[in-house]
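Novice: Take these sequences, add in the hints, and give me the full structure.
Top to bottom, those sequences are chains P and A.
According to the numbering used here, the first sequence is numbered sequentially starting from 1.
According to the numbering used here, the second sequence is numbered sequentially starting from 1001.
It is possible that part of the hints are untrue.
Claimed, not checked - Calculated pairs, DSSO-like style, for lysine-lysine (alpha carbon to alpha carbon, straight line, at most 27 Å):
#, chain 1, residue 1, chain 2, residue 2
1, A, K1038, P, K38
2, A, K1038, A, K1003
3, A, K1038, P, K41
In case anyone wonders, no lab produced these hints; they're calculated from the structure.
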Amino acid sequence: DTEVTQTPKHLVMGMTNKKSLKCEQHMGHRAMYWYKQKAKKPPELMFVYSYEKLSINESVPSRFSPECPNSSLLNLHLHALQPEDSALYLCASSPEQGARYNEQFFGPGTRLTVL
Amino acid sequence: AQKVTQAQTEISVVEKEDVTLDCVYETRDTTYYLFWYKQPPSGELVFLIRRNSFDEQNEISGRYSWNFQKSTSSFNFTITASQVVDSAVYFCALFRINTDKLIFGTGTRLQVFP
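Specialist: What follows is the structure, given as structure tokens:
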């Protein structure tokens, strides 16, 4: 299995809702990533988990809360989002964090709309 | 400054034409990695190639080829005999070892018409 899966594919939420994005990989990778991509822009790194511990937080607002319950699963909990948070949220994984293992495999993304 | 520049915002070609996507990078690091990713309309980024800074050999994979020239800080990507399925946004990216981060260029949208 060489893929990263993400659910849901699309999500529409109000500013007061709480929702979660889910990402799963079964490649035995120990590093997992969340990226945010606005329309016609490149992906921007949000968080990196390495061996289930948060390794990098790119100063993301606290209304985004990542969680890595186990080595195969990565969640992104959303609360009190703003309309400008509407974007494609991409999950990725790599064998490990670090130079020799930095080939990242991406999921199809969750397209989020905040009303 | 660490930066990746893809000057071509959009390219349109007709099927079977060859097309080259340009990528120029800036870094002071001596060791780094360069990547190309493809993003079709479905949204998923598809890994195409990784190159480390010590390996300047050009690479060919089917209709795809890459030309890495450290002297000009360029890592260009050529698609030979383009096909409609090649239509996508292509991102060039620089991986910095000391920050463990991928720096993406702004992407080039390639449209291949039948």
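Novice: If a hint holds in the structure, say so; if it does not, say that too.
Specialist: Taking the hints in turn, this is what the structure says about them:
no.: 1; hint: A:K1038 <-> P:K38; in the structure: 16 Å, holds
no.: 2; hint: A:K1038 <-> A:K1003; in the structure: 19 Å, holds
no.: 3; hint: A:K1038 <-> P:K41; in the structure: 14 Å, holds
Figure legend: structure checked against the earlier numbered hints; every hint is met.
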